[in-house]
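A.B. asks: Sequence:
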Amino acid sequence: MRAAVIASSWHRNPSVCWTFRGVIGSGYDRDPSVRQDGGVTYAPPPAPRPLPADATGPGLAFHRLVFARQRRGWWTPLVTGVFGVVLFLILTTLIGVVMAIVSFASDPNGDPYVIIDQLTSFDMRNPTMLALILGSIIVMWPCYLLASFVVNGKRVGLMSSVAGRLRWRWMLLCAAAAIAVYLVITALTYLLPAEESSGANLVAPEDNPAFVGTLLVILLLVPFQAAAEEYVFRGYLMQTVGRWLKHPAWAILLPVPLFVIGHLYDWIGQASVAVFAIAAGWLTWRTGGLEAAISLHVVNNIVAFGFSAFGLSDANATETSIMSLVSSIVMIGVYSAVVELLWRRGDGRRTLRLTPAPEPVYAPPVYAGYGAPVPGYGQPPVYGQPPVHGQPPVYGQPPVYGQPPVYAQPPVDPAPQVPNAPAQAGTPAPRWGEYAPGQEPTADPAVPDERRD
1 MRAAVIASSW HRNPSVCWTF RGVIGSGYDR DPSVRQDGGV TYAPPPAPRP
51 LPADATGPGL AFHRLVFARQ RRGWWTPLVT GVFGVVLFLI LTTLIGVVMA
101 IVSFASDPNG DPYVIIDQLT SFDMRNPTML ALILGSIIVM WPCYLLASFV
151 VNGKRVGLMS SVAGRLRWRW MLLCAAAAIA VYLVITALTY LLPAEESSGA
201 NLVAPEDNPA FVGTLLVILL LVPFQAAAEE YVFRGYLMQT VGRWLKHPAW
251 AILLPVPLFV IGHLYDWIGQ ASVAVFAIAA GWLTWRTGGL EAAISLHVVN
301 NIVAFGFSAF GLSDANATET SIMSLVSSIV MIGVYSAVVE LLWRRGDGRR
351 TLRLTPAPEP VYAPPVYAGY GAPVPGYGQP PVYGQPPVHG QPPVYGQPPV
401 YGQPPVYAQP PVDPAPQVPN APAQAGTPAP RWGEYAPGQE PTADPAVPDE
451 RRD
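In this note's numbering, the protein residues as written are 1 to 453.
Any given hint might turn out to be false.
Stated by the list, open to error - So the derived label-pair ranges between C-beta atoms look like this:
#1 190 <-> 340: 43 to 53 Å
#2 267 <-> 90: 29 to 39 Å
#3 75 <-> 112: 21 to 31 Å
#4 176 <-> 265: 20 to 30 Å
Hints were generated in silico from the structure; no laboratory data involved.
Even glycine gets a Cβ: it sits at the ideal position worked out from N, Cα and C.
Let's have the full structure, built from the sequences with the hints guiding it.
C.D. replies: Here it is in structure tokens:
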């Protein structure tokens with residue numbers, strides 16, 4: 001449609017082509033409706049998409065940070081999730097193939113069901129398989145990072161906090177608080193009477209030839225495994241819900257069932273996982289970032305895997321005691337209170353305030369809408385129009401018949417001129433084109449009458 005308008009305008013006004021080029025170069029090739037420039041009407045650029053009220057007022061909380069990204073449409077969380085799941089399935093399939101090859105290589109005549117059980121359980125005596133299982137969880141992090149970058153655009157640091165990055169000092173402070181709380185609560189727990197438990201699956205360090213390798217895998221990979229889960233369940237899911245629902249309670253509570261389903265425990269264990277998920281979501285919203293939740297998750301998992309490596313617990317157990325649930329609730333509650341106290345003593349920043357984009361200023365294109373050009377000698381011609389040269393210089397008027405030619409007048413003397421005496425009465429004025437008659441000689445008053453004779 002726009003091409004037809006330009007083509008029809010070209011025959012009426014060739015300068016439209018130049019005007020259209022100027023408009024294209026200026027970025028105002030919009031649908032015609034408002035402004036008239038060189039025979040074609042152009043509309044000013046559309047106004048920027050309005051931001052939500054909390055973005056320019058109190059600021060965006062963590063679950064609303066999608067609105068601060070380059071692309072923030074309602075569809076972006078869905079496309080990000082689909083893209084991330086596809087990447088995750090591809091990578092986990094490759095890791096599963098590697099794990100199967102390693103299992104068959106170690107025991108070519110092994111039972112396939114035993115091999116499948118090894119692929120889905122934590123074996124403290126096989127650090128290679130433990131690393132592959134943890135790695136299959138860790139890959140969720142880069143999958144989400146890449147999917148968010150492709151769909152939402154730049155500023156991927158907003159996946160971590162309102163500061164646009166991981167606040168390392170704050171995360172280390174939270175990690176120190178989590179370690180202190182876990183040490184105190186765990187020490188108090190061991191003062192209570194111990195419950196009877198089956199020790200069939202416990203592996204003592206002296207019975208584990210790969211104890212050092214297993215311990216290194218736990219210390220090196222478990223932090224990344226815990227962080228990956230937080231980025232998905234507290235990062236992606238909370239910001240997905242926050243893109244559609246403003247109240248933080250929805251973003252905190254709705255992802256909890258998905259996190260609980262991912263942990264195969266009995267109802268007591270799943271209740272403990274639900275309490276953990278709610279606390280992690282609240283801490284993420286309260287502090288404006290994932291640092292506090294990551295610290296809690298990392299310390300919790302390192303303690304759990306560490307106890308299994310030292311033969312104090314079974315990492316594959318699915319039954320949980322009431323005492324474990326109570327200690328977990330107390331531990332999480334005390335840690336949340338300590339983090340709240342530390343946060344209030346710090347800067348307390350938990351929102352991101354955006355400045356609304358200014359209204360675009362319409363800049364008219366070059367050589368359009370300014371009227372006819374001013375003639376000037378040597379001016380280059382305008383494309384589509386004949387060249388306009390300057391006027392020839394004026395050196396003097398052509399002569400009038402009966403009068404000598406008039407040339408340029410000499411410069412006027414700034415000195416004052418004496419006015420001429422008035423003409424004597426009785427002398428007729430000559431007509432136009434005739435010479436004035438000569439005057440008769442008059443008597444010189446200075447000569448006496450006797451000398452005239």
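A.B. asks: Among the hints numbered above, which are violated by the structure, and what are their numbers in rising order?
C.D. replies: 1 and 3
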